[in-house]
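2 protein chains.
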Amino acid sequence: MTTAPVDVDSARRDYAALVGRGLSLDITRGKPSPRQLDLSADLLTLPNGRYKAEDGTDTRNYGGGAKGLPELRRVFAEALQVPVDQLLAVGNSSLELMHDAVVQSLLSVLPGGERRWADEPRVAMLCPVPGYDRHFHLAQRFGIELIQVPMTEAGPDMDVVERLVAEDAGIKGIWCVPKYSNPTGSTFSDDTVRRLAGMATAAPDFRIFWDNAYAVHHLTDDEPVLADVLALCAEAGNADRAFVFGSTSKITLAGAGVGFFGASAANIAWWSGLVAKRTIGPDKVNQLRHALFLKDADGVRAHMRKHAEILAPKFAAVDRILTEELGGSGLASWTRPAGGYFITLTAPEGTAKEIVRLAKEAGVALTPAGATHPYGDDPADATIRIAPSFPEIGELEEAVRGLVVCLRLAVAERA
Amino acid sequence: MTTAPVDVDSARRDYAALVGRGLSLDITRGKPSPRQLDLSADLLTLPNGRYKAEDGTDTRNYGGGAKGLPELRRVFAEALQVPVDQLLAVGNSSLELMHDAVVQSLLSVLPGGERRWADEPRVAMLCPVPGYDRHFHLAQRFGIELIQVPMTEAGPDMDVVERLVAEDAGIKGIWCVPKYSNPTGSTFSDDTVRRLAGMATAAPDFRIFWDNAYAVHHLTDDEPVLADVLALCAEAGNADRAFVFGSTSKITLAGAGVGFFGASAANIAWWSGLVAKRTIGPDKVNQLRHALFLKDADGVRAHMRKHAEILAPKFAAVDRILTEELGGSGLASWTRPAGGYFITLTAPEGTAKEIVRLAKEAGVALTPAGATHPYGDDPADATIRIAPSFPEIGELEEAVRGLVVCLRLAVAERA
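Sequences listed follow chains A and B, in order. Here the working numbering is used: the first residue of the first sequence is 42, the next is one more, and so on. Here the working numbering is used: the first residue of the second sequence is 42, the next is one more, and so on.
Read the hints as simulated data drawn from the structure, not as lab findings. Since we're looking at a predicted model, the values are computed, not measured. It cannot be assumed that every hint is accurate.
Pairs count within a copy or across copies, as identical chains cannot be separated in the list.
Claimed, not checked - Straight line, CA to CA, 35 Å or less: simulated DSBU-like cross-link-like pairs of lysine-lysine:
id, residue 1, residue 2
1, LYS318, LYS108
2, LYS347, LYS401
3, LYS347, LYS93
4, LYS318, LYS401
5, LYS108, LYS336
6, LYS401, LYS93
One chain only, chain A, in its complex shape (with noise of 0.2 Å):
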């Protein structure tokens, strides 16, 4: 690809004329808009009075298991590829469990583990990039070392995984977003899952921190079919090697929402230990709330279809948008995902910090340039994470358009 040049005078009253406009345009986040909010209004009422759960249990009260409701886990079970039994439903999110899975393998030895993380000499993670900022905060704040590991169409490259993990006991696990990742959107294929599960690691207690944030959010009908990493772990004679993580943050309501945790029976046995220790059990009510709502995995399906409906011009526009500007122009790459929340940039190499800042000056906000980086630090300087669910569309166009106003102008006064 050739780049095409930029004139450097038109760049800049480009920008001058888009600094005048005043805009104060935000796509930094992926946060569902109110139109998807909209659509579990139902929420807001239900459970409407009931409270028992179909086993009996009056969920308003304590008891009844740290599990979760066996009807609202059995409406995941598919999604995530989980056994019913080996499914949790806890906490409003995720990210918390996430946390927790790493609080506990610092504070107790994980099953196949020889000592706790804690007394380890060195943790590090793999961290795929570009990948999920908050995933990196997390494990920085206990002081994990982050190594990079690049992302390709098809997962990160397993060649440097497969090198690293055989020959690094310090390598404890790595950071996953194996369907229409953030921010690529990406999803791992068959081969990169079998070898994530089949995989040598020097570490005994090596865990694949498996988040499936998007496993059912789809912008099209061509939904790929995300290879099994349970079955395939327990296949490969690693049964323990994986945790899977899943929320309905970006299916109902975003914070009032149900988290999952999925893994091994051994796994949630030693999970189920140490957490009865901190909690009486979940919010059984929210979740009766979600099994009332969702029904089953159809229901969750054609749940999903309506947010489709309303994303899916969005990410349209943006592609659209991108290709009407840049295309052809050779100044930047972008991707077309089929699901998730995000489209990522590369714009020239050393540009998108500079990017980001005439953006901000412009009122357009974007996420940080190296966010998707551990540590902040995206060598090459060149990725840029948009996220187009949350504006309405002629917001969104706006913004992408100044984006592009930035980008020429950032790459015109670099040559």
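Based on the hints, put chain B in the right spot on chain A.
Coordinates of chain B only, in the frame set by chain A:
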């Protein structure tokens, strides 16, 4: 008090008759009864289509800060004696907040501390006994040493506490249920709170874990006013000493409620910085639901009077039966709490385990003897916790009469 002799034969006959009735009764747990939960029936339809917080935040979405909704924190600031700015509304219970406070203290240096608790050669906590088993279990799980301190009617024996914390830098904290204590029902005196706030501690990062679980849980109109621990700590130059916990678990719905954490500004900053890595925010819809339902501190007071109308007759029934059956016998003493969820029965030394065993065989489930003490070890083997809240009054009376039969037999057999 002199102990009346118990006739073995009649005690055995009474016990055989009790067993013959094939009871199945449970007075183990401090659970609200269904009638109490019915008081919060409106929560099962609220927020009834509303979703905007008073500051305009869309409670259905991410955002709006990690402190929780101001309108709900305002409702509980008075009862928990924490300034609104220093009171967080988070999670669905206080137990998880206590757990996480211990975890964060293990993994991050506290304000005033020199190193993480995980890096200390030894971490111990004082446990006033009898006390709450879940406090003990969560600390024990992290290898924290538990040191017993006697409870008095005015709180922990402060002569013992002051001596221990002054000498031993390994003692990092004390568990307190300062009002209507679990299980004795006593409320800490002003002098106790003042001494806790002001005492010299060898550990610079000593913390009072102030589990104010029963702040508004009165059974009578005689409502003791607890001294303000945060204010007294600040006054004594130990502003960061107290962590305050509370929840709506026994106000609205157990498990589907809201937890609260209060502390000094420095502690709140410490906590918030760490917890921001764990969560994007609490379940704001549930917080809105609670704010709409309870309205303000007066709303809480009115609501708690309805609880008292249900609970007070149960506590009175236990006291009446114990007085009828054991009054003047010298065989036992028991507490007459003015609030909270428990009555402590003190049996003759060395009989509690046997009483609980006999009761279990007769179909009357009691909290395991020893559960009120760290490591399940009540050195006198004399403390039995009675939880009158859950059963309806007829069953409760039967259970307490059964307990008396078991007590008499255990005493007679031992003699």
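Here is what the structure says about each hint:
no.	hint	result
1	LYS318 to LYS108	both (14 Å within a copy, 24 Å between copies)
2	LYS347 to LYS401	within (32 Å within a copy, 55 Å between copies)
3	LYS347 to LYS93	both (29 Å within a copy, 23 Å between copies)
4	LYS318 to LYS401	between (46 Å within a copy, 25 Å between copies)
5	LYS108 to LYS336	both (19 Å within a copy, 32 Å between copies)
6	LYS401 to LYS93	between (51 Å within a copy, 28 Å between copies)
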